[in-house]
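So you can see what is in the structure, the chains are spelled out below.
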Amino acid sequence: MSDDKLDRAIKAARKDLAPKREPDWDAIDEKLFARIDADASSEESARAARLGAGSHGRGWSIVAGGLALAAAVAVYAGHKPGGAPLDRASAAAAPVTASALVRAGGAAGSDVLIAGAPAAAGATLHAGEVLETHGASALLEREGPAPDGALLVAWSVEENSRVAVVKAVGALVVSLERGAVEAQVTPVASGEAFAVDVPGAAGSITRVAVHGTHLRVSRVEAAGHVKLVVDLSEGVVSIGAPPRSGSTYGALVTAPAHVELDTADPTSLVVSHLPEDVRLPVDLASAGTGGAVAAGSPASPTAATATPPRNAPAVAQVAPRPVPAAPRPPAADPNAEATVAAAVKACMTGRTKADGEVTVTVSSSLEVRLSEDGVVDLARFSPPLPPDVQLCAANAIYKTRFPRSGTVTIDLKF
Amino acid sequence: MASSYSGHGRAGASMTEEDSLVATAAAGDKAAFRALYTRHRADVARLVYRMLGARSDLDDVIQEVFFQVYKSLKDFRGKSKFSTWLHRVTVNVVLMHRRAAKSRPVYAEETAQDLTPDDDAVLPDEDADRRARVRAFARVLARLADKKRVVFVLHELEGMAPSEIADVVGAPVLTVRTRLFYARREIEEMLRDEPSLAPLRARFAKPGEAVARRETPEEGEA
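Those protein sequences? They're chains E and D, same order as listed.
In my numbering, each residue carries its 1-based index in the first sequence increased by 37.
In my numbering, each residue carries its 1-based index in the second sequence increased by 2.
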């Protein structure tokens with residue numbers, strides 16, 4: 038093909054290679070401007086909270102809250118029924134409730150602030166808002182839709198912490214900007230129910246996503262580094278980069294586990310499955326309906342993760358639950374790799390069926406990090422498999438004991 | 003997206019008006035931002051389409067582009083044209099999207115599933131031929147390395163000058179020209195292997211010239 042002919046082919050492509058259908062501008066408009074409004078609201082809240090925190094006075098907090106409210110009023114002042122698209126965007130940005138504050142507790146002079154304003158039991162936290170605790174802690178609950186209204190997530194924000202609600206539709210996603218949160222999450226059939234984003238020092242974000250579990254996540258900042266600490270007493274979590282959409286792919290960790298990660302270095306993940314290393318969980322679901330949570334917690338989140346004993350709960354001094362011991366490891370399986378591969382394949386059943394001339398093949402690699410006694414510390418699929426398959430496989434993987442230590446890579450193709 | 007290069011930009015857009023809109027939007031005026039969005043969204047949609055092909059998540063990518071524009075507009079210093087800066091944001095979002103997609107598991111049927119429904123509709127022959135050509139060209143583009151694809155799409159399909167592309171990709175003009183040269187050469191090679199483009203080649207072939215001609219001397223030339 039000569040240059041001339043290539044040019045003609047390109048000219049034809051220039052004409053042809055354009056969308057023949059208009060994008061769904063209404064849907065794009067709605068989502069885009071809802072995101073923008075949520076982002077603006079979040080920034081406003083953060084500014085108000087900074088103003089309140091900087092003044093060390095409740096009076097300033099109230100003023101800041103008033104400013105935030107005034108800003109909100111200013112945004113909605115432009116709303117005219119039946120008006121321009123801007124109005125529709127504002128309407129679409131009606132705040133989505135993320136959780137209700139069940140209890141806020143602490144010594145005199147302590148505060149729980151939502152969007153920069155002092156909050157008490159009964160207050161609601163919305164998408165885009167920031168919750169900040171000063172000398173107090175907060176217990177929140179997220180319930181499913183009426184009429185059942187089942188408890189989906191009970192979560193607490195420990196003293197001197199700061200969280201922003203990133204997403205409240207579907208999964209509840211919060212950004213832990215300071216301190217620690219603990220959560221008891223009702224398992225969901227698919228997808229993720231709760232996730233905690235931990236921002237690193239250099240703008241990176243690490244997500245801890247759960248499908249149904251009990252965990253505590255803390256953000257520890259020291260010497261310019263941000264360390265993510267997870268204490269997992271039940272279930273499985275996925276730790277990795279937040280996806281643009283869908284579920285989080287990352288390292289799968291099963292309970293009991295104490296996990297530490299330097300957010301600047303994804304390879305620094307250290308996992309201990311010793312129950313004594315895992316912080317004692319608090320029964321948050323019961324605490325919301327009668328237990329005492331978060332009243333004058335003496336320990337700071339950072340101290341709790343930095344000094345022994347690790348497993349003393351900081352959020353509440355009541356109802357700590359024992360960490361279930363890991364099941365006794367079975368005898369070493371001489372064909373552990375084949376056993377694991379078969380288990381993964383079983384989890385993929387139904388996803389690789391052939392249809393007519395199309396044959397679906399799946400190719401991935403499973404890296405398994407083993408302890409000295411051949412027990413699985415950590416498993417990671419590369420490229421990742423669908424989250425439900427990974428969870429299904431994790432149960433089998435962690436029950437398998439290898440006849441060696443170190444790292445094993447298992448190629449999967451079926 | 004731009005008024006200075008051929009064919010695809012808005013005709014007659016006043017730079018003063020555009021500058022004013024940009025400044026107002028950067029100051030936080032949502033109505034001004036919406037005006038910019040309305041003005042440029044079709045151009046962004048076309049560029050995203052050309053870089054990603056007909057995928058079901060195009061709307062998400064377009065939305066992400068404008069969200070990033072909203073977030074970054076305060077950092078726009080006006081050293082380049084707004085349209086150039088918008089191209090840069092679009093290209094970056096598309097590349098990030100492709101990288102994220104690469105880290106997901108790939109199933110054999112994913113590409114077919116991701117095509118928008120009307121791509122598989124029964125169409126008149128001519129339209130079907132055109133669809134086949136579009137798909138073939140999109141396949142060829144998708145096989146190019148990111149850096150080469152970006153400059154190829156911006157220059158050959160969007161009509162941008164290499165100097166402006168240099169601003170978009172943050173590389174010297176000479177590098178842009180080199181990437182363009184190799185992109186064209188690779189596309190030339192790949193087009194020979196695309197059966198769907200045989201009719202196109204035949205149409206462009208001069209009378210008496212062979213169509214399937216991998217063995218002809220001309221094909222060996224860069």
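Think of the hints as simulated: they come from the structure by calculation, not from any bench.
Check the hints yourself; a few may be wrong.
Cross-link-like lysine to aspartate or glutamate pairs, in silico, EDC-like; alpha carbons within 16 Å at most [to be verified]: (1) D/32 x D/45; (2) E/68 x D/62; (3) E/42 x D/59; (4) E/57 x D/131; (5) E/52 x D/20; (6) E/48 x D/20; (7) D/32 x E/148; (8) E/68 x D/61; (9) D/73 x E/76; (10) D/76 x E/76; (11) E/48 x D/190; (12) E/52 x D/158; (13) E/68 x D/59; (14) E/57 x D/148.
Hint check results:
About 20 Å separates the Cα atoms of residue 32 of chain D and residue 45 of chain D, which puts this hinted pair outside 16 Å; it is violated. Pair hint residue 68 of chain E plus residue 62 of chain D holds up; C-alpha atoms about 9 Å apart against a cutoff of 16 Å. Distance hint between residue 42 of chain E and residue 59 of chain D is unfulfilled; the C-alpha atoms sit about 33 Å from each other, more than 16 Å. At roughly 15 Å between alpha-carbon atoms, residue 57 of chain E and residue 131 of chain D fall within 16 Å of each other, so this suggested pair holds.
For the hint pairing residue 52 of chain E with residue 20 of chain D, the CA-to-CA distance comes to about 27 Å; that exceeds 16 Å, so the pair is violated. Distance check on the hinted pair: residue 48 of chain E and residue 20 of chain D sit about 30 Å apart at the alpha-carbon level, beyond 16 Å; violated. Distance check on the hinted pair: residue 32 of chain D and residue 148 of chain E sit about 34 Å apart at the alpha-carbon level, beyond 16 Å; violated. The suggested pairing of residue 68 of chain E with residue 61 of chain D holds, with an alpha-carbon distance near 10 Å, which does not exceed 16 Å.
Proximity of residue 73 of chain D to residue 76 of chain E is assessed by CA-CA distance (about 9 Å); at most 16 Å being required, the pair is judged to hold. At most 16 Å may separate the alpha-carbon atoms for a hinted pair to count; residue 76 of chain D and residue 76 of chain E meet this at roughly 15 Å. Of the supplied pair hints, the one linking residue 48 of chain E and residue 190 of chain D holds, its CA atoms being roughly 14 Å apart against a limit of 16 Å. As the CA atoms of residue 52 of chain E and residue 158 of chain D are separated by approximately 11 Å, the hinted pair is consistent with the 16 Å bound.
For a cut-off of 16 Å, the pair hint linking residue 68 of chain E to residue 59 of chain D stands: about 14 Å separates their Cα positions. Taking the CA atoms of residue 57 of chain E and residue 148 of chain D, the gap is near 24 Å; set against the 16 Å cutoff, the hint is violated.
When each numbered hint is compared with the structure, violations occur for hints 1, 3, 5, 6, 7, 14.
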